[in-house]
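**Q** Below, each chain spelled out in residue letters.
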Amino acid sequence: MDAAALTSRFPTTQDLTGKDMPTYRVAGSDLLAVVSALRDEQGFDLLADLCGLELQGRPVRFGVVIHLLSTTHKEYVRLHVDAVNDRVPSVSSLHPGANWHEREAFDMFGIVFEGHPDPRRILMWDSYPYHPLRKDFPLAGIEVPFPAADVAEVTGQKVEPAPMMGGPFVSHGGKMSTGEPSALDQSWTEEKPKA
Amino acid sequence: MVKSDFGYNSKVEGEVIVTRADAVVNWVRSNSVWPMPMGLACCAIELMAAGGSRFDISRFGMEVMRFSPRQADCMIVAGTVTYKMAEVVRRIYDQMAEPKWVVAMGACASTGGMYRSYSTLQGVDNIVPVDIYISGCPPRPEALLDGMMLLQEKIRNEGGSLRRTFRGRTVETKIVS
Ligand code: SF4
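Chains as they are written, first to last, in this note's numbering: chain Y, 1 to 195; chain A, 1 to 177.
Chain A on its own, in the form it takes in the complex:
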């Protein structure tokens, strides 16, 4: 939560913190982003490293890797997306409950990377809306953490609804109903 999101003065409010529902919801969401590890190639190794004790992604409330899309908030696409796998990536994205975010980790997921060939989708943003792109081949775990912190920043600044544009169409999801 940013400072302006809450008012707290122990002399005035006692043990009560006054805030807005959006700010609380965003604060909760941004600090418990459960990732769906879409590990498709070598980048997934760095994703695993980020989950390990040395880099410790649980400092950000993201250590709960959910292999079921029904329980995940953020799909981390770590690796080369082939056309054959693209279908699966999109289906898993569709199975995730709103609100959901996508992080394209590494050159392959962002643009197809060095695989300029018949088999590779040239960027996962062709099939799912991507919130954060992380450069690198592979990105170091620090870079992934930096990207995830940017995602937290983005979640914290979301308004009453979640708006994202994909291929010219705007998809809107209400945060507080």
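This is chain Y alone, in the form it adopts within the complex:
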């Protein structure tokens, strides 16, 4: 890709020297222009991924990472956008495939995508009050009312924190194995008992 063209045209764009693919930090105000320039001038015509992330210990708490693929040049580029005030412009006008990815990032992190055509939750139900992938949200969940009031009335069921039993994923002591999980001794069967 033509990195010089990108950084000279968008001076706020910062090269993060990615180890696996060209990586840039893009300002939210430039995002749409950068993505459309990459799409129309440099052939990055496929949005491979878009996800939210939470960065602890950084002034801006949330960010969005976009992976673009060029199907003609067979190369990727990664764009990193900080969500200032939890807001990022939506790229679904340029790449319609971003629509559901952005809804997921909104659902899980509460990042608001400005200009999104359908800014609803996608995984949790619409009245759910939290954003479960945030670091301050407990894995077990927080008690809230059941999604459907009439069903809750018949069953008395609430959305309850799951019993974690000291978990998640408790192992009962011992040394952690570093090998691939496999059946090591396969010499014994039901007919031929273990020696």
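Incorrect hints may appear among the rest.
Cut-off 25 Å, straight-line C-alpha distance, at most; resulting in silico cross-link-like pairs (BS3-like, lysine-lysine) [what the hints assert, rightly or not]:
(1) Y:Lys135 - A:Lys84
(2) Y:Lys74 - Y:Lys19
(3) Y:Lys135 - Y:Lys158
(4) A:Lys154 - Y:Lys158
Computed Cβ-Cβ distance ranges for the label pairs, DEER-style [to be verified]:
(5) A:Gly52 - Y:Gly115: 16 to 26 Å
(6) Y:Asp2 - A:Gly136: 47 to 57 Å
(7) A:Gly52 - Y:Ser36: 43 to 53 Å
The hints are simulated quantities; they were obtained by calculation from the structure and are not laboratory data.
A virtual CB, placed ideally from N, CA and C, is assigned to each residue, including glycine.
Position chain A with the ligand against the provided structure of chain Y, taking the given hints into account.
**A** The following block gives chain A with the ligand in isolation, referenced to the frame of chain Y:
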């Protein structure tokens, strides 16, 4: 039908079998349990296998998978019940005509399974009364068939009415009116 449910002696009764209405009704019901396949996750694959020719659930009169709850007798909850889907499961259960039974297939439907998290209902028995629980992740089709045979056993031994307890309340349905 169990042996004591009918009396038949060709010398005495000729071509007539004497029995009780309950026993006949239960016999009919237990041999034509039409399932409502509530396939929600990976367990549904094993449910489909049970419907295929190798495991052949039609040996028990259960091959008629009814995707309409109005025509189904037994809801097989096969998979992870999320809170978002729980509402739908309960509504479909409410739409099924009495008498109706529920089978919780696999660890997820029985207890929430490995999904100890904010999104998953910890057992479908929180929202519908469950008759049979089948362990496994996923249960093999043989285990499902075993569970369905236990359900048949249960249906055969039901009395004049169907009684089930859910969250401390007893729901009673008359079998023969
Ligand atoms: S019990 Fe296991 S196989 Fe069945 S739905 Fe849950 S995770 Fe999937």
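**Q** Next, verify each hint and record whether it holds.
**A** Okay, the hints, checked on the actual structure:
1. Y:Lys135 - A:Lys84: Distance ~22 Å between Lys135 (chain Y) and Lys84 (chain A) Cα, so the pair holds.
2. Y:Lys74 - Y:Lys19: Within the cut-off at roughly 17 Å; holds.
3. Y:Lys135 - Y:Lys158: Roughly 23 Å between the alpha carbons, so the hint for Lys135 (chain Y) and Lys158 (chain Y) holds.
4. A:Lys154 - Y:Lys158: This hinted pair is violated, its Cα atoms lying about 31 Å apart.
5. A:Gly52 - Y:Gly115: 16 to 26 Å: Given range 16 to 26 Å: violated, Cβ gap about 49 Å.
6. Y:Asp2 - A:Gly136: 47 to 57 Å: 56 Å, holds
7. A:Gly52 - Y:Ser36: 43 to 53 Å: Taking Cβ atoms as reference, Gly52 (chain A) and Ser36 (chain Y) lie about 50 Å apart, which means the hint holds.
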